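Trainee: Single-letter residue listing:
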Amino acid sequence: MKDIHAKEYRFETDYAAYSQHVFRLCLGYVGNAAEAEDLLQEIFVKVWQNYDQFRGDSQVGTWIYRIAVNTCLYKIRSSKSSLMQTIKDNVEDVSENYSEKEQQTQLLYKCIEQLPDSERLIITMVLEDISYPEIAKITDITEANLRVKIHRIKQKLTDLYNRYERF
Amino acid sequence: MKDFEDIASVWNLQHTHEVPKASDIIYEAKAIGKKMIRQIMIQIATLVVTVAVIAYIAIAIDFKSVWTYVGCGIVLLTILAFVGIRFYQSQQMRRIDFLKSPITVIGQLETYYKFQQFVATKVMLGYFIWLNVGMILYMVEVMKPMPNWAIVIFLIFYLAWMLFSYYVIGKKQKQKEYANTKAMIKGLRQIQDQLI
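So the protein sequences, as listed, match chains A and B.
For the first sequence, position 22 (counting from the first letter as 1) is numbered 22 according to the numbering used here, and the numbering increases by one without interruption.
Quick note, the numbering used here runs 1000 ahead of the 1-based positions in the second sequence.
Looking at chain A on its own, in the form it has when it is part of the complex (with noise of 0.2 angstroms):
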């Protein structure tokens, strides 16, 4: 019983300390509110399943990370179509529905949902300041090679933000 009021604690603790920013990186990867939420709720029920296998190896951040982005590619399996939708349509959505800050964010949102889904990922992270060191211990990517990767990635999402801010 006092196991398990410890448990609730710490879960509560850390879900306080982190669900804004995986709530934020799954807006990233799916590009929609709803799913997004769903997502969370997914991240989190798999993180309280698991709280016994946390070793304490790494900071806990980075185990809640690598669970959250292993859902988000697990996630491909039902619901790919819908992260398909062209930028075109997105566009004329955001400009009719949103304030100009709103405007900004969502185009942001969209231009990311154009990317690959690891650098959907990728990016959203370096967005939510985890350092490159944590995200390569997330993704299992060499520090080199991930830092090659984000210089891509970060072009890319450039050039298409300024690209459909015209539109």
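It is worth saying that the hints were derived from the structure and are not from the lab.
Given the structure is predicted, the values throughout are model-derived calculations rather than measurements.
Glycine is no exception: its CB is placed at the ideal position from the N, C-alpha and C atoms.
There's no promise every hint is true.
Unchecked claim - Restraint ranges, calculated between C-beta atoms of paired labels, are given here:
(1) Asp-1193(B) <-> Asn-162(A): 20 to 30 angstroms
(2) Tyr-132(A) <-> Tyr-1178(B): 36 to 46 angstroms
(3) Val-1048(B) <-> Val-148(A): 50 to 60 angstroms
(4) Pro-133(A) <-> Glu-1005(B): 16 to 26 angstroms
(5) Asn-162(A) <-> Gly-1084(B): 48 to 58 angstroms
(6) Phe-1087(B) <-> Ser-131(A): 35 to 45 angstroms
(7) Ile-4(A) <-> Ile-1040(B): 20 to 30 angstroms
(8) Lys-1172(B) <-> Ser-131(A): 42 to 52 angstroms
(9) Ala-34(A) <-> Lys-1186(B): 23 to 33 angstroms
(10) Tyr-9(A) <-> Phe-1087(B): 34 to 44 angstroms
(11) Ala-16(A) <-> Gln-1190(B): 30 to 40 angstroms
(12) Val-1142(B) <-> Tyr-51(A): 53 to 63 angstroms
(13) Gln-1190(B) <-> Asn-162(A): 17 to 27 angstroms
Unchecked claim - Examples of chain B residues toward chain A, derived with CB under 8 angstroms:
(14) Asp-1003
(15) Leu-1099
(16) Ile-1106
For this one, chain A is given, so just place chain B on it according to the hints.
Mentor: Just chain B now, with coordinates in the frame of chain A:
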């Protein structure tokens, strides 16, 4: 023209999003655990009932031909084998380890989908053939006392339904499932390439 730093500042403009309460997630996690146990119990109960019914028929009715018992045995073994394969599949999906590196998870998913393809094609065909072989062997003696015209009508309906369900309903479903799993494997391989 914006540079990446401008884009990062756009990302940071986001307001705090409303997320579910931690207590709701804990409740959901506990409910999933209970649901999983309930599902396994239902599967076991269904299997026990099926085996019991077939065994009861084989024991209670005094069949004259040994082929009738062979038919019952084939039906029973086919169902058991199929349930076993489905159970293995569900375990395979549950065993995907989200704590491992993304490339390992992708590999595990790929294995799952390849097996899924095998089930959707070869296993389903085997299941269909063996179940019908068993049923036909069982029917031979059961239908013996019936008039010939009734046997013919029954066989026509039985065969027509089986062929329709396999070639019309099953084929469409199979094609759809095959296309889905093929797309999944392709998608997973692309991600694997991106992660190297």
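Trainee: Provide an ascending list of the numbers of those earlier hints which the structure does not satisfy.
Mentor: The structure conflicts with no hint, since it agrees with every one listed earlier.
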